[in-house]
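These are the residues of each chain, in order.
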Amino acid sequence: MTGDEARRRLSEIQTGEYRKLAALARQIRDESRKPVSTLAGAWASGTASDQRKAETVLTALGELTVESWLSTGRSMTGQRKTRCVMQAGLAYLSAAEHVFQKLNRLMESKAPVPGVPLAGRTEEKELSSRECDEAYLLARRLLKADEPEWIHPVIRKEFLLMPVAKRDTEIANYRKTGRWTPLATTEAAGVPEGEP
Amino acid sequence: MSEQDVVSRLRSCASPDALRSLADEVSAESLNAPRALAGLWSGGERVEARKAGSVVTELEELAMGAMLAEFDSCPGDWRIRYMNMIVETQLGFRDRIMAELDGLLSDKTAVSTLALSDAAPPGSPPLRVCDEAYLLIHRMVKVDESTEPGLRTATAFAALAEPDRDKEIQKWRKSRPWRALREEHEEP
Numbered sequence: 001m002t003g004d005e006a007r008r009r010l011s012e013i014q015t016g017e018y019r020k021l022a023a024l025a026r027q028i029r030d031e032s033r034k035p036v037s038t039l040a041g042a043w044a045s046g047t048a049s050d051q052r053k054a055e056t057v058l059t060a061l062g063e064l065t066v067e068s069w070l071s072t073g074r075s076m077t078g079q080r081k082t083r084c085v086m087q088a089g090l091a092y093l094s095a096a097e098h099v100f101q102k103l104n105r106l107m108e109s110k111a112p113v114p115g116v117p118l119a120g121r122t123e124e125k126e127l128s129s130r131e132c133d134e135a136y137l138l139a140r141r142l143l144k145a146d147e148p149e150w151i152h153p154v155i156r157k158e159f160l161l162m163p164v165a166k167r168d169t170e171i172a173n174y175r176k177t178g179r180w181t182p183l184a185t186t187e188a189a190g191v192p193e194g195e196p
Numbered sequence: 197m198s199e200q201d202v203v204s205r206l207r208s209c210a211s212p213d214a215l216r217s218l219a220d221e222v223s224a225e226s227l228n229a230p231r232a233l234a235g236l237w238s239g240g241e242r243v244e245a246r247k248a249g250s251v252v253t254e255l256e257e258l259a260m261g262a263m264l265a266e267f268d269s270c271p272g273d274w275r276i277r278y279m280n281m282i283v284e285t286q287l288g289f290r291d292r293i294m295a296e297l298d299g300l301l302s303d304k305t306a307v308s309t310l311a312l313s314d315a316a317p318p319g320s321p322p323l324r325v326c327d328e329a330y331l332l333i334h335r336m337v338k339v340d341e342s343t344e345p346g347l348r349t350a351t352a353f354a355a356l357a358e359p360d361r362d363k364e365i366q367k368w369r370k371s372r373p374w375r376a377l378r379e380e381h382e383e384p
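Note that the protein sequences, when read in sequence, are chains A and B.
Quick note on numbering: the first sequence equals residues 1 to 196 in our numbering.
Quick note on numbering: the second sequence equals residues 197 to 384 in our numbering.
Just to be clear, a hint being listed does not mean it is correct.
Derived contacts from chain A toward chain B, CB cut-off under 7 Å, selection only [claimed, not checked]:
hint: 1; residue: L24
hint: 2; residue: E67
hint: 3; residue: S75
hint: 4; residue: M76
hint: 5; residue: Q79
hint: 6; residue: A88
hint: 7; residue: G89
hint: 8; residue: V154
hint: 9; residue: L183
Quick caveat, the hints were computed from the structure, so don't treat them as lab data.
Each residue gets a CB set at the ideal place from its N, CA and C atoms; glycine is no exception.
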């Protein structure tokens with residue numbers, strides 16, 4: 001589906017027609033994935049030459065191929081299945097590098113981030129933050145493997161309650177050394193300091 | 197581009213440049229609609245923007261690709277919103293890949309073709325599926341050996357004999373990062 005067609009289809013859907021919006025999303029997903037899944041199919045069942053070429057193209061497509069590698073792997077066994085999982089991991093890493101470059105650049109920006117209303121406990125005011133704070137927190141969430149997902153809202157709160165100068169020092173320290181400073185929250189949960 | 201077009205284009209590619217050009221074309225085509233809707237979400241009239249947002253949030257890796265492509269030109273106050281969604285998508289994929297790799301950590305089959313071409317330094321013992329899975333996990337989560345003192349670096353791991361690699365993999369499965377990754381949605 002082209003961009004113009006997607007915009008036109010969207011304009012024909014009325015506010016609140018959630019099923020139609022979901023159907024449009026499904027159609028875009030299916031159609032947009034088709035060329036990549038065709039390449040994954042050529043890799044899985046083509047000639048040796050097709051496989052080599054398809055792998056080169058898929059590698060260049062990076063983040064767009066994770067889903068196709070995982071889906072293709074589901075229908076395969078043995079070394080082929082293993083290879084699909086490994087390729088999905090490599091595509092993830094390619095995307096991660098791309099994402100981290102953007103986060104690293106955002107860590108230089110002191111621009112304020114507009115508050116997003118908190119769901120649920122509305123009496124609690126959202127803490128103000130800057131792009132560098134948010135980028136640091138996102139990078140920490142993505143890269144620091146020993147901090148489980150459930151602890152990140154607590155880390156976020158603790159970090160954003162710090163004085164601005166201390167946050168700047170934390171961010172600068174991470175960018176210089178690649179090491180994460182322990183926070184009281186993580187120490188209490190038994191997570192050690194250190195890099196990712 | 198139809199399935200047949202993709203396959204015939206692939207077969208006619210005779211150079212790395214031609215393959216690169218095919219990748220660019222596939223990427224542009226796959227991201228055409230997602231980019232249009234991401235642009236509408238961040239910069240369109242309110243009602244259309246809200247509808248576009250409902251669609252974009254369902255597009256997974258396509259939304260991530262569109263947002264990465266649009267990132268430098270998106271309105272400033274949308275950059276963090278984009279990054280939040282991109283990181284969420286990445287974490288979702290990481291969970292799924294880790295679940296698959298978890299299964300491979302028990303597979304002692306010899307690897308016939310390395311996916312990680314630079315995984316084993318010259319002279320290392322041959323890698324098995326479990327070894328390669330372990331090495332990929334370490335690239336994906338970048339475990340710091342100084343905070344997990346029992347774990348070796350990737351290079352040191354690849355140089356070990358098979359029984360020692362098996363012990364290392366068992367140690368990893370009991371480590372704090374692995375437990376955090378595999379149980380990360382469960383509160384204690």
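With 7 Å as the cut and Cβ atoms as the points, is A/M76 at the interface with chain B? Where the cut-off is 7 Å and the nearest Cβ of chain B is about 12 Å from A/M76, the hint is violated.
At a threshold of 7 Å, is the proposed contact between A/S75 and chain B supported by beta-carbon distances? violated, 14 Å
Using Cβ atoms only, decide whether A/L24 comes closer than 7 Å to chain B, and label the hint accordingly. holds, 6 Å
Does the CB of A/L183 sit less than 7 Å away from some CB of chain B? violated, 15 Å
Quick check on A/E67 please, does its C-beta sit within 7 Å of some C-beta on chain B? Because about 5 Å separates A/E67 from the closest Cβ in chain B, which is inside the 7 Å limit, the hint holds.
Can we keep the A/V154 interface hint, with Cβ of chain B closer than 7 Å? With a closest approach of 11 Å, the A/V154 hint is violated.
A/G89 as an interface hint toward chain B, with CB separation required under 7 Å: holds, 5 Å
Double-check A/Q79 for me: the hint is only fine if its C-beta lies closer than 7 Å to a C-beta in chain B. Because about 6 Å separates A/Q79 from the closest Cβ in chain B, which is inside the 7 Å limit, the hint holds.
A/A88 as chain B interface residue, shortest Cβ-Cβ below 7 Å: holds, 5 Å
When the structure is compared with the earlier hints, violations turn up for hints 3, 4, 8 and 9 and for no others.
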